[in-house]
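2 protein chains.
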Amino acid sequence: MNPTAKLHTSMKIALAQFNPIVGDLTGNARRTIQWMERAAREGADLIVFPELSVVGYSPHDLLDNAAFVDAVAAAIRLIHSRVPKGMGAIIGAPVRNPNPIGKKLLNAALLLEAGQPVQTTAKMLLPTYDVYDEYRYFEPATGQEPLVFKGMRLGVHICEDMWNLEEYATYHMYDRDPVAELVAQGVDLLVNLSASPYAHDRHHVRTGIITTLCRRHGVPFLMTNQVGANTELIFDGDSRVHAADGSLLACAPSFQEALIYWDTASDAPCHVPAHDRITDLHDALVLGIREYVDKTAVFDDVVIGLSGGIDSAVTAALAVEALGPERVSGITMPSVHSSEGSVSDSEALARNLGIAFHELPIRDAVNAFEGILKPLFEGTPFGIAEENIQARSRGVLLMAVANKFSRMVLTTGNKSELAMGYATLYGDMSGGLAVLADVLKTDVYALARHINERAGRERIPVSSIEKPPSAELRPDQKDEDSLPPYPVLDEILRRYIEERQDEGAISEATGHDRAFVRGILDAVDRNEYKRKQAPPGLRVSVKGFGGGRRMPIVAGVNRAAIEEMMNALKEESTA
Amino acid sequence: MNPTAKLHTSMKIALAQFNPIVGDLTGNARRTIQWMERAAREGADLIVFPELSVVGYSPHDLLDNAAFVDAVAAAIRLIHSRVPKGMGAIIGAPVRNPNPIGKKLLNAALLLEAGQPVQTTAKMLLPTYDVYDEYRYFEPATGQEPLVFKGMRLGVHICEDMWNLEEYATYHMYDRDPVAELVAQGVDLLVNLSASPYAHDRHHVRTGIITTLCRRHGVPFLMTNQVGANTELIFDGDSRVHAADGSLLACAPSFQEALIYWDTASDAPCHVPAHDRITDLHDALVLGIREYVDKTAVFDDVVIGLSGGIDSAVTAALAVEALGPERVSGITMPSVHSSEGSVSDSEALARNLGIAFHELPIRDAVNAFEGILKPLFEGTPFGIAEENIQARSRGVLLMAVANKFSRMVLTTGNKSELAMGYATLYGDMSGGLAVLADVLKTDVYALARHINERAGRERIPVSSIEKPPSAELRPDQKDEDSLPPYPVLDEILRRYIEERQDEGAISEATGHDRAFVRGILDAVDRNEYKRKQAPPGLRVSVKGFGGGRRMPIVAGVNRAAIEEMMNALKEESTA
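Residue numbers (our numbering), protein chains in the order written: chain A, 1 to 575; chain B, 1001 to 1575.
Read the hints as simulated data drawn from the structure, not as lab findings.
We put the CB at the ideal spot given by N, CA and C, even for glycine.
There may be inaccurate statements among the hints.
Unchecked claim - Calculated lysine-lysine pairs in the BS3-like style (CA-CA distance at most 27 Å, straight line):
no. : chain 1 : residue 1 : chain 2 : residue 2
1   : A       : Lys-404   : B       : Lys-1532
2   : A       : Lys-12    : A       : Lys-104
3   : B       : Lys-1467  : B       : Lys-1374
4   : A       : Lys-532   : B       : Lys-1532
5   : A       : Lys-570   : B       : Lys-1104
6   : B       : Lys-1085  : A       : Lys-570
7   : B       : Lys-1530  : A       : Lys-530
8   : A       : Lys-404   : B       : Lys-1530
Said to hold, decoys possible - Take a look, some chain B residues computed to stay more than 12 Å from chain A by CB distance:
no. : residue
9   : Trp-1035
10  : Asn-1097
11  : Gly-1115
12  : Val-1118
13  : Leu-1126
14  : Leu-1259
15  : Glu-1340
16  : Glu-1386
17  : Asn-1388
18  : Ala-1400
19  : Asp-1490
20  : Asp-1525
21  : Gln-1533
Next up, chain A with everything else stripped away, as it sits in the complex:
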């Protein structure tokens, strides 16, 4: 048996790894038309765009606006009217649900051909968990039929429709298997339109799923994914074609727009570059920064508060890779509690990165606040209020520079800090984008080393990597005075937040006693109110703080009382 069962027709298919801007219907339509024309010039018979390519992912509640939905329909008509003659284009867009009962929209794929009626199919499995809210807007399709293009039967389906495999279903299993149902109707090629965001190791997960499906059904598989970033979500692309035996025949480069081609008659293998976890993380964050700044299109430049520590150093280095050194500036804002290294390491970083650098000492502002507050604070000891005045004075200065010179502040806090509330609201949390909000501290270290290795020289000063982490808000303060060592903390946070384990399971798996684990989990819960007011953060894990993790702010989970209740019930039932 031929391992790459050939299609009975030969055809050149373009995979459009496309980067739409959410809601920019006219811009997305214009660029869709340009890509169709380019693919036609380059000899493609068919071009396949990703899920919701006309509106970007996710348009969220723009879809609740009837005028917006009308405009989407117009954009589809415009694109249809411009499909090059003889060519087919599959695009993704919301369309009105023809049934008056149920959600008002379908999440559809449309096959457009010049002068031909539109062939439409719609998504059956609607992710409604984590960052996904699809059932908020869409009615699931009750079935799918292959779309036919030039005699070729295309098993077109959308993103989640292919994710119903036991070994990959984290949240729940669905009662339908769209891919199997399409195959049962006879298809030459499975075609998946995705808007599948990046998370650690997502490339390998996709490969696992698609390989499984190819082998199970003996059909080649083509997947186009969005690329780019929209607020917190980063789309890595990773579009590809697998042969019927699962082997890779075509693959687009990750983290960039690409228009690649696959000839259905070809079974030449494609060699995908190695996907290293930290390299991908680095590339994802660089893309996320660039996209946030460029797509908001309000500010060209960013400004970052540099503390001499590793978080601000890594943030600045990533920003420079995203935007170039001339669009990044660093400001160090020493106080009386700052170590010498806070300024000198920041200076060294700025020199290494080639960015503008300013020093704005906060002493006079802190003194002014303490003077104003003296009548009220007289006789009280130095505490959180005074620590926060320092952090907030820095926030005011950074925002003033940002406002004056039309820059965006990037915040530098990492996921471990954000989890524990080890950050000051309206202080170091002030800014437009939280670059490391989903990166645990131990991964920040890995990123720092990676950045230096990649550059082949010191970009992040080694002293920033090696010094013990400190907020420097009081004399001789160290993170480890308030927090467990980061490797211990991060393991517990990862299990609680990303794997959604609780006290008992974490204690058992890590060997730390329940009270210790409980202390950390309670701190995470207690600081939900801070994260509510945090700037958006780039999501890189399966569970970031953001749209994908919706915890109540006012809540009273009492783990000690719950344990007591459960023990009492256990005793009762065994008594």
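Starting from the structure of chain A, add chain B where the hints point.
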């Protein structure tokens, strides 16, 4: 015909208008048991708690945690073991979906009797729109059967299950009608367990729906609703019993916990107090403040920045009603741009309300910042940066007082300002709860007048009501220099945000030209990033800024280009 068709059994039913704390399983279970015991003492046969009474509404992603779901099951067992002998109790709780396919939970109502197996039914219609995310967690039940208690057939269903009426379906219609399906199986009484939040006029909407259902089906209807507030959602209670002809037989007071009784043999009417829109709004906000402060249980007291304007005055007056004057303090923070009234009106307000009052002039802090920034800002004109330094210096001072004395800052911005971005992030937006975040400016005026009328004397200084609104961040600044008059603005905002109309429809309905309307809508869109970082706000309209309105931050809706595209297509199709 008897207008109030009698039940064939006579029974005393307790309506438990209960206020659970989200996630506080042991506390909620303990209080559930106390209420059951009290109802038993007072002769009730049956007590009916609201939807999700064991966990509060909404537990959000606590439900994603398997250990939490185990603990809920334990809490149910505990409650069941304590149901008074001879009595029935209907509670609301998530239970595991017995089907391995589909969402892991059901949103259930459980009828508990001492020593008897539990009778369970589950919600069929799962609201997944606005503030509701139920399909994120729950599988819809495929059907419901009446629960039988002492020979009485109870048509138990849950909240949204009764809301599938054409004239009330804003988002979509469902393909099932649980109430009709229950009635078709024969029921003596319809029983609805709700967690139905307050919004303007919600009392009348509920009356309309229940009256319609009673008359359509000729069956009496009992509804218990949660009361209290959880972060942004305010539950007004409004539990009631309607006779088969729709007339009201029992009604609980709104905005407070209540255990009321209805004897199924009685057809004595109940006179519900008038529900005036502004009175309800006032009571809802007072409850929302009290609950947020008391349920977070971190701070006893609040502190409010007083500007002399109407927003801070109304916020302070509401806080005093919620917490008492001894738990509220006001701080005025004049600058060189402040009018004389900013201090004197604040002082008058504090005197009227009987709250502590301090004056902290910001001049020294502003000067210090300007001094620090001088090397960078030299030669630039006074602008947004300088305005924001003032607002942010106030934010730092307020937060310092809050941190030092363990108080929570209440922010004072209204919905109109928040919509237009007429507020400073990390300045006047700093705080734990945004009291007026869902109250349009024109309603803030109505509240001010209501507060004074209700008190029979001046609590809000008349000069605060009558002076033209101003941010006082530059000489002679007035809101109307930057914004349209509030009655005009609010009408457009209401249509855009609450009714989800867009430019064309709003222009047509209001007579304002499209460009003018577009300017306002674009400003609302552009300021999404500010609202992302706003503190939680109390929701009082059908669409607040918060969990119920999920707009993309990075987005590029270009209304001018869309209009052009649609006009071009129209011309083409008529050409």
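For the pair we were handed, A/Lys-12 and A/Lys-104, check the Cα-Cα distance against 27 Å. With a Cα-Cα distance of about 36 Å, the restraint between A/Lys-12 and A/Lys-104 is violated, given a limit of 27 Å.
Checking the smallest CB distance to chain A, is B/Asn-1388 really beyond 12 Å? violated, 6 Å
Next pair to validate is B/Lys-1530 with A/Lys-530; report whether the Cα-Cα distance is within 27 Å. holds, 15 Å
Cβ separation check - B/Gln-1533 to all of chain A, threshold 12 Å: violated, 5 Å
Does B/Asp-1525 clear chain A by more than 12 Å, comparing its Cβ with all Cβ atoms of that chain? violated, 9 Å
Quick one, are A/Lys-532 and B/Lys-1532 close enough, alpha carbons at most 27 Å? Judged against 27 Å, a Cα distance of about 8 Å means the pair holds.
Is it correct that the beta-carbon of B/Gly-1115 has no partner in chain A closer than or equal to 12 Å? holds, 15 Å
With 12 Å as the threshold, tell me whether B/Trp-1035 passes as away from chain A on beta-carbon distances. At about 18 Å from chain A, B/Trp-1035 clears the 12 Å cut-off, so the statement holds.
Consistency of the no-contact label for B/Leu-1259, given chain A and a CB cut of 12 Å: Fine: 22 Å to the nearest Cβ keeps B/Leu-1259 off the interface.
Assertion that B/Glu-1386 lies farther than 12 Å from chain A (Cβ): violated, 8 Å
Going by Cβ atoms, does B/Asp-1490 stay more than 12 Å from chain A at every point? Per Cβ check, B/Asp-1490 is outside 12 Å of chain A; nearest 19 Å; holds.
Is the Cα-Cα distance between A/Lys-404 and B/Lys-1530 27 Å or less? holds, 18 Å
Of the numbered hints stated above, those contradicted by the structure are hints 2, 3, 10, 13, 16, 17, 18, 20, 21, listed in ascending order.
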